[in-house]
Amino acid sequence: MSILELQHLKKYFSTQKAVDDISLSVDKGQIFGLLGPNGAGKTTLIRMITGIFYPDEGNIIFDGKKFDPLNDVSRIGYMPEERGLYKKMKIGEQAMYLAQLKGLDRQHAMKKIKDWFVRFEMETWWNKKVEDLSKGMSQKLQFVTTVLHEPKLIILDEPFSGLDPVNSNLIKDEIFKLAQNGSTIIFSTHRMEQVEEICNHIVLVNKGQKILDGTVKDVKQEFKENIFSIGTDTMPASLNGNAPFEIIGTKNTAHVLRIKEGSKPNDVLQFLLQQGISIHSFNEILPSLNDIFIKLVEGTSPARQFQTIKA
Amino acid sequence: MNKIWLIIKREYLTRVRKKTFLLLTILVPLIIIGFYAAIIAIAIKGASEKESIAVIDNAALFDKSATSVGGMDFTFIDNETEESYKNKYQEKGFNLFLFVPEMDIDHPVQPRLYYSKSLGPATSGRIEGIVNGAIEQKRLIAANIDLQKLNSSKSNISLETLKGKGEKDETLAKVNSGVGFTGGFLVYLMLFIYGTMVMRGVMEEKTNRVAEVIVSSVKPFQLMLGKIIGIGAVGITQFAIWIFLVMGLQFLIPYIFPEFGAQLAAASAGGPQGGGGMLAVLGSLKSLPLGTILFTFLFYFLGGYLLYAALFAAVGSMVNEDPQEAQQMVFPITMPIILSFVIMTQAINQPDSSLAVFGSLFPLTSPIVMMGRIAYGVPIMQMLLSMLFLILAFLGTTWFAAKVYRTGILMYGKKATWKEMIRWAFRKS
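Chains X and Z, in that order, give the protein sequences. Heads up: the first sequence at position 32 corresponds to 32 in my numbering, and the numbers run straight through without jumps. Heads up: the second sequence at position 291 corresponds to 602 in my numbering, and the numbers run straight through without jumps.
Simulated from the structure, these hints should not be mistaken for laboratory data. Check before you lean on any hint, since a few could be wrong.
To be verified - Only some residues are given here: those of chain X computed to face chain Z with a beta carbon under 7 Å: (1) P80; (2) G84; (3) L85; (4) Q100.
Said to hold, decoys possible - Heads up, simulated SDA-like pairs for lysine to any residue below, C-alpha to C-alpha not over 20 Å straight-line: (5) K88(X) <-> Y323(Z); (6) K129(X) <-> K329(Z); (7) K320(Z) <-> N127(X); (8) K87(X) <-> E632(Z); (9) K87(X) <-> Y723(Z); (10) K129(X) <-> E515(Z); (11) K90(X) <-> Y323(Z); (12) K730(Z) <-> T15(X); (13) K152(X) <-> E5(X); (14) K530(Z) <-> G84(X); (15) K88(X) <-> R326(Z).
Said to hold, decoys possible - Pairwise CB distance ranges (calculated): (16) F13(X) <-> A348(Z): 55 to 65 Å; (17) R106(X) <-> A484(Z): 48 to 58 Å; (18) L556(Z) <-> D68(X): 45 to 55 Å; (19) E515(Z) <-> V166(X): 29 to 39 Å; (20) I733(Z) <-> K66(X): 30 to 40 Å; (21) D132(X) <-> R511(Z): 15 to 25 Å; (22) I344(Z) <-> V166(X): 51 to 61 Å.
Cβ atoms here follow ideal geometry from the backbone N, Cα and C, with glycine treated the same way.
Please work from the sequences and hints to get the whole structure.
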């Protein structure tokens with residue numbers, strides 16, 4: 001069951017095809033990674049999902065119905081990459097204001113704010129102003145205001161930037177908790193190790209187009225290069241052409257090998273066992289998302305060129 | 312609608328709750344009044360300071376018994392010549408020394424004025440006037456004209472002005488223009504103060520990047536309108552406080568200055584014809600249609616504010632953090648405001664001139680110019696037309712500003728031009 005479905009979305013600006021025919025589907029309860037280099041069109045895509053921009057072409061289906069920005073925005077929480085809060089406003093009032101703008105009534109909002117403030121150990125901040133907060137503290141506040149109204153769809157753009165490891169973990173746990181409670185999270189970042197840790201499903205966008213779509217597991221399988229690490233006592237000094245693999249390096253005490261085309265991992269083990277070599281470990285090395293990302297995006301110029309678009 | 316209300320409330324409360332708001336609201340009028348009082352006091356004092364002047368009058372122009380002529384103390388010096396006295400007058404304590412050579416009054420010779428430190432044009436002009444007056448008098452006497460008869464033949468009456476077919480009109484033109492100027496000036500001031508407040512508010516939201524968070528909850532148009540209305544309400548609150556203060560002062564004046572209060576009471580009892588000068592002015596003020604003036608003032612203040620605030624908001628959404636950029640961009644908006652002020656100063660003297668009529672109909676200038684005309688009475692057709700134009704123009708600028716604002720508020724890094732703004736406005740959404 002998908003909560004969000006994008007069908008052939010397009011958004012052209014006068015000098016760029018910011019989003020050029022992107023379709024994707026986000027399932028309920030998923031933590032969905034939206035990846036891409038700078039200027040790939042992620043922010044434009046997100047702004048269309050949050051109702052800030054209207055797409056030039058294509059449809060957005062939200063929770064089974066055509067997306068209606070006026071009413072549906074109250075069920076979406078959006079934390080932009082560039083954080084924004086009123087500097088001179090008191091923190092409690094600010095949270096209240098943003099919650100009310102999302103349609104919460106005063107009492108309900110007050111209860112929610114207090115809950116979250118306790119959870120994040122922010123109770124004493126109520127009368128402080130945002131300008132008095134450190135970057136990490138205002139980050140936490142921003143996160144609270146994003147999820148306060150229990151949105152069905154939460155969009156987080158680089159949620160961990162500027163946070164220390166302790167606070168990062170705090171927010172990460174909350175993200176998992178929110179997903180468990182049925183919220184769907186779209187998570188946009190450049191930090192691939194976070195994506196691997198958190199996301200179930202990823203989409204990679206480059207130059208306004210989708211170039212990769214799948215679960216983290218599938219994507220890794222798709223891009224695997226049959227590389228294994230093997231821990232052994234000894235290794236035959238030289239390998240003849242019959243060996244079903246080649247050694248391409250060492251990692252710690254283990255050897256890294258690539259299995260030749262047409263052979264299977266079992267062939268490797270059999271080959272080594274026949275030679276009387278004892279094996280302690282045998283693991284597949286899957287490519288990291290970072291490697292995949294770089295491989296796919298490499299070769300495209302790091303900054304998009306401006307061009308004239310006739311829509 | 313509920314969301315606009317929330318925005319209005321925030322914009323209003325964050326401004327009104329500030330301590331500086333109350334302070335400025337009360338202090339600014341006091342400072343302005345004090346400033347004017349100081350100017351008037353200095354002007355009066357400067358004029359009343361008497362100069363003393365030493366005179367050697369070889370032409371016998373002056374009556375030597377007069378020691379004070381035209382506000383100057385004259386001391387006539389005998390038994391001295393120009394050559395001998397010009398070295399002495401400073402020692403004797405005079406700043407000025409006038410030497411009148413012997414002359415035929417039909418062919419006067421230039422008198423010479425010596426001065427010790429500095430000589431202002433006002434003083435030398437006054438002395439010129441006195442000398443010329445004395446020569447004229449001598450000539451009249453030489454022509455055998457009786458001075459007393461001449462003086463008694465002079466006339467000094469004022470006109471009774473009647474409007475239309477002779478309806479009673481007790482207002483003085485001076486009062487009308489004064490009221491017009493005050494109204495126009497206030498609208499001018501408010502447009503500037505609150506217009507730039509809207510602009511700064513929009514800039515703050517843009518540079519703080521809070522705009523993106525807010526527009527993911529409300530439409531950009533709601534945010535803009537909420538801000539404009541909220542700040543407009545701050546302006547009205549400020550006005551209400553000022554009116555309240557003025558009314559309070561009126562009640563207090565009789566207690567603080569009992570004499571003035573008594574005069575005031577006498578004037579209101581005796582009606583507008585009761586006295587001259589100050590009291591006539593007060594009487595005249597009373598006969599003005601104050602209700603109408605107040606209503607039109609509120610209408611044009613609000614209309615003008617809404618019209619210009621939308622434009623100021625559009626400009627605020629265009630600029631980045633650089634305040635200088637804002638100044639450049641805002642110039643095309645401030646220009647018509649300043650122009651209206653100039654037209655208004657003409658309109659208070661010639662309320663029916665074609666420039667004044669045009670200015671009071673054209674929506675970019677009408678909020679200020681109409682205030683200049685209002686005290687004289689404006690034909691009802693013109694009034695209605697002007698109001699209609701203003702409403703239409705306000706809808707137009709708001710539409711335009713909303714389009715520009717929607718794009719501008721999420722644009723970073725790049726400075727947009729007016730040309731681009733206009734293109735955004737006419738682009739399909």
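Violating hint indices (sorted, rising): Of the numbered hints, all hold.
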